[in-house]
Each structure stands twice: as C-alpha cells, then as structure tokens.
Amino acid sequence: MMKPQISRRHLLKGSLATSIFATLLGRRSSQAAQPLAGYPESMGVLVDLTRCIGCRTCEAACNREQHLPQPENDFTDRSIFEPDEHGLQRRTDATCYTVVKQYHPPGSAHPLYRKVQCNHCNEPACLTSCFVQAYTKTPEGAVIYDPEVCVGCRTCMVACPFSIPAFRYASAWQPRIMKCVFCYDTRLKKRLPPACVEACPQEALTFGRRTDLLTIARQRVRRHPQRYIDHIYGEHEVGGTAWLYLSGVDFHQVGLDTSLPREPILAQVKDFLAIVPMVLTIWPALFAGFHLLANRKEHRAKTDPSGPEKE
Amino acid sequence: MDKSIVSTSLMALFWFLCPLAVSKVGAMDASDASEVIELATLSHLYAPVRFDHLAHSELVDCSRCHHHSTGTGQEDSRCQRCHGQEEEADTVACGDCHAPAPWQDTARSSPIGNPRYHIDIPGLTGAYHLSCLNCHLEFDAPSDCQDCHALTEEGASFLAIDRPTAAVPGQTEPPQATRRRKSQPERPQ
Numbered sequence: 001m002m003k004p005q006i007s008r009r010h011l012l013k014g015s016l017a018t019s020i021f022a023t024l025l026g027r028r029s030s031q032a033a034q035p036l037a038g039y040p041e042s043m044g045v046l047v048d049l050t051r052c053i054g055c056r057t058c059e060a061a062c063n064r065e066q067h068l069p070q071p072e073n074d075f076t077d078r079s080i081f082e083p084d085e086h087g088l089q090r091r092t093d094a095t096c097y098t099v100v101k102q103y104h105p106p107g108s109a110h111p112l113y114r115k116v117q118c119n120h121c122n123e124p125a126c127l128t129s130c131f132v133q134a135y136t137k138t139p140e141g142a143v144i145y146d147p148e149v150c151v152g153c154r155t156c157m158v159a160c161p162f163s164i165p166a167f168r169y170a171s172a173w174q175p176r177i178m179k180c181v182f183c184y185d186t187r188l189k190k191r192l193p194p195a196c197v198e199a200c201p202q203e204a205l206t207f208g209r210r211t212d213l214l215t216i217a218r219q220r221v222r223r224h225p226q227r228y229i230d231h232i233y234g235e236h237e238v239g240g241t242a243w244l245y246l247s248g249v250d251f252h253q254v255g256l257d258t259s260l261p262r263e264p265i266l267a268q269v270k271d272f273l274a275i276v277p278m279v280l281t282i283w284p285a286l287f288a289g290f291h292l293l294a295n296r297k298e299h300r301a302k303t304d305p306s307g308p309e310k311e
Numbered sequence: 001m002d003k004s005i006v007s008t009s010l011m012a013l014f015w016f017l018c019p020l021a022v023s024k025v026g027a028m029d030a031s032d033a034s035e036v037i038e039l040a041t042l043s044h045l046y047a048p049v050r051f052d053h054l055a056h057s058e059l060v061d062c063s064r065c066h067h068h069s070t071g072t073g074q075e076d077s078r079c080q081r082c083h084g085q086e087e088e089a090d091t092v093a094c095g096d097c098h099a100p101a102p103w104q105d106t107a108r109s110s111p112i113g114n115p116r117y118h119i120d121i122p123g124l125t126g127a128y129h130l131s132c133l134n135c136h137l138e139f140d141a142p143s144d145c146q147d148c149h150a151l152t153e154e155g156a157s158f159l160a161i162d163r164p165t166a167a168v169p170g171q172t173e174p175p176q177a178t179r180r181r182k183s184q185p186e187r188p189q
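Chains R and U, in that order, give the protein sequences.
Those letters in the first sequence? Residues 1 to 311, per our numbering, in order.
Those letters in the second sequence? Residues 1 to 189, per our numbering, in order.
Derived from the structure by calculation, the hints contain no laboratory data.
Every residue gets a Cβ at the ideal spot worked out from N, C-alpha and C, and that includes glycine.
Treat the hints loosely; a few may be bogus.
To be verified - The following label-pair restraints were derived from C-beta to C-beta distances:
#1 U:Glu-35 with R:Ser-163: 48 to 54 angstroms
#2 U:Gln-85 with R:Ser-259: 49 to 55 angstroms
#3 U:Glu-38 with R:Thr-186: 27 to 33 angstroms
#4 R:Ser-163 with U:Asp-162: 30 to 36 angstroms
#5 R:Gln-226 with U:Gly-95: 43 to 49 angstroms
Only chain R is shown next, with the shape it has when bound in the complex:
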C-alpha cells in the first residue's frame, strides 16, 4: 500500500491558506493596537516661541551639561544664525544636541527664534526603526539611547520626522548617535528640568508634567488669542511629543513640519514591518521546500546507486 504523500498541490494549497490566515491575523492585531496616550506621569517642556529672544543660553547650558566639545565661536556669537552657502541653517550635529535657529516670517517686525532639539515623541520613530533596541522611551518622558548596543546603521536618522539624531562620524573608535537625551541621567530621573530649561532667562521653556503643560498652553492661547495661533504643536503630531510648542505665526514659518500625520510614524509602517519577520522566517523554508520538491526526482536519481543512469 502506498504511503500517503503530500502532493505538490496539497502543499501549495496549505501554504496559501497559511499565508491568508497569517495576513488576517496580522490585520486583526494591528487594528486592536490603539494609539497610546503616552506615560501618564511623563514630563515635557512647553516652548513658547513668542518669548524666545535667541540668546543661545540654552545651547551653552546643554554644551556644559552634556560635556560636548568646545564650540569654535562663543555662545554670544549671533553670526551663526546666518544661513551657509547652501542657504541652510545649522542643525543638530555631533557637537551640539540643540541649536537655536532664526526665522524671518513675512510681516513680522523682528526675527523669530526656535530652539531645535529632540522632541521626545510618545511613540518615537527612531525607537521603532531600531532593530537592536538602542532607544528607550522612559516613563519620565525621555527618549534615551544606548551606544553599547547600537550597530551604527543610522536608520533612526532616516526615521526621525524632525531630523534630530546625528552621527559622530569624526570619531573612528567611538562612533555613535549623538542626540538630546532630555538630560535624563543627570536631571530628569530626579524630576529636575533639563539644563536648557533651567538656563532660559525668558522662561520660553517651561518644564512640567505634559498634561499640566497642555493646560497651561491652552490657558495662554485663551488669554492671548491675538498673540498665539490656536494650535499646540506636538500635542498630536506623530502621536504626540513631550516637547510642545506655542507660536504667534504659522508653525511652518518657524521651520516646524506641519504636514506630519497625527498618528505615530509607527502606524504608517506597522503593517509592513509585521510582514518582515514572516518573510524572513517563512519564505526561505517555503521556497527551499519548493526547490527540493521540484528537484526531487533528479536528487533521488543522483543519490540512488541502483538508478539506471550513472556517470
């Protein structure tokens, strides 16, 4: 009696059914994942762009707190606001976790300034994109980075919707991502404000629980409707950020991307990323199986010593 064998047709049928089932399962679980509201007691910073005077004290404080390299020019130098030969302003790099940028919105009597640093997203894209989990979102609100596990792939630099992480290319032996960490180890852990906030003379930066900051921000907008536009940048952008912004002009005029979705970057790539492990684990086995099945006769012929054809 013949042993019941799995025919090619059966195998194909089975694998097709499995794929469909996996796809449905994946879809269901992605629908179940609701956008997180973030850690309830997480801290944040409210940046009031109408208050910033571009004094760069925050940069100096950051430089000292994080033991960053000595800048070429001192922190009172305002010529650094000038765009370079490519028309670009400074950005965060391996030597500075934060930079103040200057903007000249049309109709504004004086230049406006915005401090650029990591916004510490509730659901960070850098964290999502990192396949070795070098990033952590702490309950206090910081997005921190572990250089020990980082392999230097720099995917986080591509993933970040605010183009914040920078790479220390200059160091051949200790290359790593350089990025604002909310002064996590030295301050935030103890619920103390980051160095830049403490240094800001204008209190353009207000430190507190994110929920409190939203209340404060709404009160400012309500009290001074002529001073602020009615929007808190970072409340919903890319799933919400720990750093929130108030402005008197449209946010795109001070360099903030207003085209960002309300959902975290994760939501855009989740479906795709769910397939990746399936593809990586199932496909090799599946296609190897197809290959073996297809070449079974040949293989048997080769290995069977009593076969008719011998070379």
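Using the hints provided, position chain U relative to the given structure of chain R.
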C-alpha cells in the same frame, strides 16, 4: 561692597517703616518706590544688576510690573474681576510670588489662591526678563544681554568666551570643522 550694604540696609529700613508711614490707606505711588534694588538671581553667571527702581517708577505705572499688589489698579481685564478694587498688598516684592525654581511642584500650583487662574506663574528670572526686556524692546531701551548684565568669570566660561581650549573630559576629538566662522556678515537686527 559698602554701597550695597548701605543700600540694602536702607531698603530694609524703608520696607520696615513703609507700612507705618503709608498706614494702609490704599494705593502706592512713585514716592513709595525704593531707590535701587539689586537683582541677583543669575549671580553665578552675571554680576548683580543694580535696578534703578525709582527712575523706572517714574516712567511707568506701578501696576505695569506689580500687577495688582500696589493697589494702583489692574490693567488686565481678566484680573480685574478679582483684583480690580484691591488695596495695596502686604507684600509687593517680585520674589514673594515668583519662585526662583518654578518647576518645583509646590511652585507650579499657585502660592496665592485660586489654582484655576494662577497655574502659569513664571519663575523669578522669567518674570524679570519678561517684564523688563519686553518693555525695553517696546521703548527702544538697551536690550542686549550685556547692556544690563556684566559677565562674571564663571559666566564667560559658561558662554565659552575665553574658555580654555583643553579638551572637555569624555571627548577626544577636536570640534567639528564645519562650524561657521565669525567673519560672516551680521544681519541687521
């Protein structure tokens, strides 16, 4: 040094005698103003600022900086509902309501009454700068940092002015060569 001791003791004497002289008959005016006040919240970076209080009190209404506490009326209509008809308060010093470290939870919830309104009281340094600098900009008065503040040695080091170029601990590589040069033309402000 002697001067500051004299002025401080004069101020103390003034504030001690002030309630007796004014005897709580309503509002303060420029004649009640102390002469010079030393502002030293940033004294680790900058030499204390000698604020000519008397001269400023002749330029603007007391309520411009003191809100309702001097009993001279309240400009802000939202504050008027509670503070419109108030007499002068027991204390009018900035530091009695504006905390030096505003991020502390105790300071964030108001030291003075209704938390529904007083949830956003700036810290002392913030209160000074938001009042002083905005007004200085409005009146075209000196408004660069060092117009009011003389840098201390520590302050100069903090701002990397003449900071020794020795490598900062933990960093081995030299500063990036991509930083812009000072020689670029400055945009007119």
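Evaluation of the provided hints:
no.: 1; hint: U:Glu-35 with R:Ser-163: 48 to 54 angstroms; verdict: 52 angstroms, holds
no.: 2; hint: U:Gln-85 with R:Ser-259: 49 to 55 angstroms; verdict: 50 angstroms, holds
no.: 3; hint: U:Glu-38 with R:Thr-186: 27 to 33 angstroms; verdict: 31 angstroms, holds
no.: 4; hint: R:Ser-163 with U:Asp-162: 30 to 36 angstroms; verdict: 33 angstroms, holds
no.: 5; hint: R:Gln-226 with U:Gly-95: 43 to 49 angstroms; verdict: 30 angstroms, violated
The structure fails hint 5 only (numbered hints given earlier).
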